[in-house]
Amino acid sequence: AQKVTQAQTEISVVEKEDVTLDCVYETRDTTYYLFWYKQPPSGELVFLIRRNSFDEQNEISGRYSWNFQKSTSSFNFTITASQVVDSAVYFCALSDSSIGSGYALNFGKGTSLLVTP
Amino acid sequence: ETGVTQSPTHLIKTRGQQVTLRCSSQSGHNTVSWYQQALGQGPQFIFQYYREEENGRGNFPPRFSGLQFPNYSSELNVNALELDDSALYLCASRERGGPPTQYFGPGTRLLVL
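First to last, the protein sequences are chains A and B. Its first residue numbered 1, the first sequence is counted upward by one per residue in the working numbering. Its first residue numbered 118, the second sequence is counted upward by one per residue in the working numbering.
Derived by calculation from the structure, the hints in this document are not laboratory data. Check the hints yourself; a few may be wrong.
Said to hold, decoys possible - If you want a taste of the chain A side facing chain B, the calculated C-beta under 8 Å gives, among others:
no.: 1; residue: 95
no.: 2; residue: 102
no.: 3; residue: 109
Positions of the beta carbon are idealized from the N, C-alpha and C atoms, including for glycine.
Can you make the complete structure from the sequences, with help from the hints?
Printed below as a string of structure tokens:
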């Protein structure tokens, strides 16, 4: 069975601080996909990034960066120089690679990030 | 915006009633999935539709059912509503055979009284 754990329920930072959101996953699959989504107060889930299990390269996109480590089953997300607009709930999700599964997503419980001026 | 639309945006029902939620997928996307998100929780997979057939289902009872139409739009039907069905219902679409990324709509907030 797959499981995603986001141990941080809520994080509060002051604008311009760096913040890291943790994600630990469990799966028996050798091939799988990891995702991060952002959910602002409006409710819509916004896709941020997808990583394949065979690609452990870290990725940077502007102020966002992701650290994928298979050895520790972690896929952490760092926001550099946080801004008020980053305030949202962030979800880490896992899907297996079987086409029959339809790539159904298993989500963590989310981390609520509040960035104050 | 993803191009995935859902209707209605909000809905209030009473226990025991039936409800139908609708979703239009992003252009070019032929696979639609539905998720239930209770307050303070992560979304939970309900089921997925491809070629008008259910193609994968999560741990939800049969009173949760769906349809997919030839234009790839989809409906989620819930019978005999219970108080615990109060949640945000999210629809997501992707292109079967394409990248496994799902793109979500804005959701329908259902309140069961």
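Violations among the numbered hints
none
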